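Sequences are here, hints too, so could you generate the full structure?
Residue numbers (my numbering), protein chains in the order written: chain P, 1479 to 1558; chain G, 790 to 1037.
It should be emphasised that the hints constitute simulated quantities derived from the structure, not laboratory data. Model, not experiment: these values are computed from the prediction. Each hint should be verified, as a subset may be incorrect.
[Unchecked claim] With beta-carbon atoms standing in for the labels, derived distance ranges:
hint	chain 1	residue 1	chain 2	residue 2	range
1	G	Arg1008	P	Pro1521	21 to 29 Å
2	P	Leu1500	G	Asp1024	13 to 21 Å
3	G	Asn1010	P	Arg1487	29 to 37 Å
4	G	Ala928	P	Leu1483	43 to 51 Å
5	P	Pro1521	G	Ala911	21 to 29 Å
6	G	Ala968	P	Asp1545	19 to 27 Å
[What the hints assert, rightly or not] To spell it out: a stretch of chain P is covered by chain G in this simulated footprint if at least three of its residues, at any positions, have a beta carbon under 8 Å from a beta carbon of chain G; those stretches are:
hint	segment
7	1518-1531
8	1540-1552
Ideal Cβ positions, reconstructed from N, Cα and C, are used throughout, including at glycine.
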Amino acid sequence: MTLTLHPIRVATGFDEEGMLVLDEEERLVAVLVRLSDENEVAPGQWYLEAGFGRLEGIDRPTFSSLDMARDWIGQRLSRT
Amino acid sequence: MHSPFHPDYNPLIRKIESAHTLTGDERQALETLPMQVQVIKADQDIVREGDRPSRSCLLLSGFTCTYKITAGGKRQIVSFNIPGDIPDLQSLHLKVLDNSVATISQCRVGFVTHEDLRNLCARHPRITSAFWRETLIDAAIFREWVTNVGRREGVSRMAHVLCELLVRLRAVDLVEDHACDLPITQSEFADALGFTTVHVNRVLQQMRTDGLIVTQGSRLNIPDWEKLKQVGEFDPTYLHLENDQAAA
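See the structure below:
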C-alpha cells in the first residue's frame, strides 16, 4: 500500500512536529508526531499519536524513523 | 504509635485504628496474628489470576498493584496497594482469584493463613466488621477508578490518582507534609491510567511545568495541595476516612 505523508504542525504543548498519513484514496489513516528531545520515554522518535479505522484502539508504538513508521502502518492496513 | 521505621510498626493496625478504636484484646490479637514474613523483590507476582490461595497477604512495606491482562496481553492495573492493605483478602471467601497482584517496589509481605484469619474473625467480630468495611472501601476505590479512567483526561486523570495515593499514604503515616516515596514507574502509571508511556511522560512534564508536582527520583512532593485537588477534581469522601486530618 502506498501511503502519502503531509507535514503538519501539532499543538501537543511541546516542540514537536507532526505528519498526516493518507492512504491511496486520500483518506486520513494516522497522525504521527516526532517527539520532542525532552520527552523522557522516546526522545526524537516518531509516535503514532492517533490512528483511524483499523489503526484505532491498538497499542501506539514509537518508531526510530519515519520510514519504519510508514512500513508498519502499511502492513497493518494491508492485513486481511 | 510506632513510626513507620520502627520494626514493630504494623500498618494494618494503623489503618484499622484510623477508623475504629481497638480494645486491648483486639489489638493484641492483631499484633500476635501468625504471619510468615517474606521480602519480595520488585516486579514479581505475589498471586495470579486463577490461583486458589489458602492464605492472604498483608503488605507491610512497599507498593504492589492489582491487575488483569487482556487476551492480547495488555495489562490494566486496577489499583495500587500500599502498606496496611490486604490486596487478596477476598480470597478468604472467593475460592478462585479473578485478578493478579504484583510488587511494584521491593516489598515486605506478611502471609496469613485463611485458617488464622477465620479464627481471628470468629473471636473478634469487630475486627470482622473492620475487614468488611475495608473491602467496601476497596469497591468504592474501584468505582472511582472506573470514573477517573473512563471520563477524566490527561493531567486531571493523573492528578486524581496522585491525590488518592497521598491521602491513603497519609492514613498510614507515610507522608511528611505533602511529600512521599512513590516508586511507581511511568510505565506502571500508563497501565493504571490507560495512557501510553509517551502520554504519561507528557502529562508529568506538564504537571512539573505547572508547579503541580516536584519529583526527585521516587520522591514526590506536592507544593500546592489545593491546586492539585482542584485539577484532579478530587473529593476524598469515597475513601471514607474517619480522621478529617487525613484528607487535609
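Against the structure, the hints come out as follows:
1. G:Arg1008 x P:Pro1521: 21 to 29 Å: holds (23 Å)
2. P:Leu1500 x G:Asp1024: 13 to 21 Å: violated (45 Å)
3. G:Asn1010 x P:Arg1487: 29 to 37 Å: 35 Å Cβ-Cβ, so the 29 to 37 Å window holds.
4. G:Ala928 x P:Leu1483: 43 to 51 Å: Holds, at about 48 Å.
5. P:Pro1521 x G:Ala911: 21 to 29 Å: violated (58 Å)
6. G:Ala968 x P:Asp1545: 19 to 27 Å: violated (46 Å)
7. 1518-1531: As far as the segment 1518-1531 of chain P goes, the hint holds, because 4 residues have Cβ atoms under 8 Å from chain G.
8. 1540-1552: violated (count 1)
Hints 2, 5, 6, 8 from the list above are not met by this structure, while the remaining hints are.
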